[in-house]
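Chains as they are written, first to last, in my numbering: chain S, 357 to 484; chain R, 140 to 482.
Note that these hints are calculated values from the structure, not bench results.
Small disclaimer: the values here were computed from a predicted structure and weren't measured.
For glycine and all other residues, C-beta sits at the position ideal for the given N, C-alpha and C.
Treat each hint with caution, since some may be false.
No farther apart than 20 Å at their CA atoms in a straight line, the calculated lysine to aspartate or glutamate pairs in the EDC-like style are these [stated by the list, open to error]:
id: 1; chain 1: R; residue 1: Lys479; chain 2: S; residue 2: Glu415
id: 2; chain 1: R; residue 1: Lys141; chain 2: R; residue 2: Glu221
id: 3; chain 1: R; residue 1: Lys462; chain 2: S; residue 2: Asp376
id: 4; chain 1: S; residue 1: Lys397; chain 2: S; residue 2: Glu415
Computed Cβ-Cβ distance ranges for the label pairs, DEER-style [what the hints assert, rightly or not]:
id: 5; chain 1: S; residue 1: Ala364; chain 2: R; residue 2: Asn444; range: 45 to 55 Å
id: 6; chain 1: R; residue 1: Asp409; chain 2: S; residue 2: Arg465; range: 56 to 66 Å
id: 7; chain 1: S; residue 1: Ile475; chain 2: R; residue 2: Glu221; range: 35 to 45 Å
id: 8; chain 1: R; residue 1: Ser429; chain 2: S; residue 2: Lys420; range: 52 to 62 Å
id: 9; chain 1: R; residue 1: Gly451; chain 2: S; residue 2: Thr444; range: 23 to 33 Å
id: 10; chain 1: S; residue 1: Ala379; chain 2: R; residue 2: Asn471; range: 31 to 41 Å
id: 11; chain 1: S; residue 1: Pro473; chain 2: R; residue 2: Thr180; range: 17 to 27 Å
id: 12; chain 1: S; residue 1: Ala379; chain 2: R; residue 2: Leu323; range: 49 to 59 Å
id: 13; chain 1: R; residue 1: Asn444; chain 2: S; residue 2: Lys420; range: 26 to 36 Å
id: 14; chain 1: R; residue 1: Leu341; chain 2: S; residue 2: Tyr408; range: 35 to 45 Å
id: 15; chain 1: R; residue 1: Leu341; chain 2: S; residue 2: Phe390; range: 52 to 62 Å
id: 16; chain 1: S; residue 1: Ile413; chain 2: R; residue 2: Cys447; range: 26 to 36 Å
id: 17; chain 1: R; residue 1: Gly410; chain 2: S; residue 2: Lys420; range: 36 to 46 Å
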Amino acid sequence: MTITETLARNRGELEVKMRDLLAKPVFIIEMDAFALPCGCKGVTINTRGLQYEDLDIFEEHIRKYLKESSEGLEIEPSFLFARLVPGTAEVASLNSRVLCNRCYMDFARGSGKRPRPDIYILNLTRRE
Amino acid sequence: MKLYVPHAGHLEGLEELLSGSKNIHGIYMAGTPDYVGTGRTNLSAPGLEDIAEQTAYAHEMGVKMEIVLNSSCMGGQHLTAEGFNRINWYFTQLNNIGVDSITVAEPYFVEMLSREFDMEVVVSVLSFVDSPQKAEFYEGLGADTIVIDPVINRDFKKLEATKDAVSCDLKLLVNEGCLYQCPLRYAHFNFFSHANGPGPKLNVLDDYYYYKCLSMRINDPQQLIKSPWIRPEDLGEYEHITDIFKIGGRTHFPNWILNNVEAYANRSYDGNLMDLLDCPRDIRDLFYISNKELGGAISQWEQCNKVCNKCGYCNRLAEKIIKVNSTEDGKNVLKPLKFKGGK
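The following block holds chain S by itself, in its conformation from the complex:
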């Protein structure tokens, strides 16, 4: 299976799970695998119709689904987060990122779920 076929399959499967969970046609508008110059790599899953309250209530389920999707793309689910439109209910994307050392320090410094107004951490595996 090519990388794009794998992405397409994962996009569809995650969307179906989210819809079954939330009983609304949450739309995964784009799923992108990426590699950044700093060394971070991962997947960005752009969502429409997903809201902060959905995360708040179904965090456990959504974390599990995102972890499965990330593993399906062979991306270690060490850092899972949602990107919010700051100050609003709207979730712009779900993300799984393997952090480079520098970015790891940025995110690992704090202990809360909201290191920035636009970030909601679903999972951060701490390094030794």
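Starting from the known structure of chain S, fit chain R onto it as the hints suggest.
Relative to chain S, chain R alone:
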């Protein structure tokens, strides 16, 4: 029937459009945002030479050229001496080129254009003319044509009263998929006007209004039915109001635009209504609304009193006909709307 058709702004695109259909009465496109912006996003910013070349080509083909400068917020720039001189110079150049009409939303520009220039003055949907009183006001300023705010596209009493109140032309935008009575409308168009106009460009994180607009439909799909679009089959119901119709969508490919032109020119479309709507484009691949299954709904809307919480017609129609594109075993399938979750 006179159809006004969107155009992204480059000559090649215009050639595709005008060679692709004989049903186009007029073309409209944005100008450069350096003088007056527009209330929607644009794919290009044609300069004066581009506009001159394309205007000449449109005229050769017997088609009118309209330039859209419908910023809903100028931030007061036009009221300064420098701003006025700059805008006046730009209008003068467009006039000299031979542009047929200019669409503006700012009342000041309606008056200025009508008094000082030969071009026809078109009042934009972004002037939000939704009553006979507002129409009279803009006609008094010098409007030759008013594009009616689509919010009253299904309010026939107001449409008829507006028609009776003025003698200028009225134009109806047929395929805007904006939310009915959208609470984001003014703020969103003002944001676009600044983002696509003169002045400093903002480093915007996200288009909140667009995200919220999509989210409202996904969370409440009946909003898709309530949006005041006009089906191609229903144009005849509006012909006692006007015979001038405008198709929205200047950021779309010529192929999409031509599909719309043929649907509205032929007054028939056998497919997904979402294919025809200018916005919200991002959820075109999410919902399937059989256009043919909407047949007859216009009869309800013609006598609708817009008290949705007591009526429920659009909600019932949404539940009956809206399907959702979903994935099953790697294939796309259509599924009905779902109302239970928690799995």
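Taking the hints in turn, this is what the structure says about them:
no., hint, verdict
1, R:Lys479 x S:Glu415, "18 Å, holds"
2, R:Lys141 x R:Glu221, "38 Å, violated"
3, R:Lys462 x S:Asp376, "15 Å, holds"
4, S:Lys397 x S:Glu415, "23 Å, violated"
5, S:Ala364 x R:Asn444: 45 to 55 Å, "46 Å, holds"
6, R:Asp409 x S:Arg465: 56 to 66 Å, "58 Å, holds"
7, S:Ile475 x R:Glu221: 35 to 45 Å, "43 Å, holds"
8, R:Ser429 x S:Lys420: 52 to 62 Å, "36 Å, violated"
9, R:Gly451 x S:Thr444: 23 to 33 Å, "29 Å, holds"
10, S:Ala379 x R:Asn471: 31 to 41 Å, "21 Å, violated"
11, S:Pro473 x R:Thr180: 17 to 27 Å, "26 Å, holds"
12, S:Ala379 x R:Leu323: 49 to 59 Å, "25 Å, violated"
13, R:Asn444 x S:Lys420: 26 to 36 Å, "48 Å, violated"
14, R:Leu341 x S:Tyr408: 35 to 45 Å, "24 Å, violated"
15, R:Leu341 x S:Phe390: 52 to 62 Å, "25 Å, violated"
16, S:Ile413 x R:Cys447: 26 to 36 Å, "28 Å, holds"
17, R:Gly410 x S:Lys420: 36 to 46 Å, "38 Å, holds"
When the structure is compared with the earlier hints, violations turn up for hints 2, 4, 8, 10, 12, 13, 14 and 15 and for no others.
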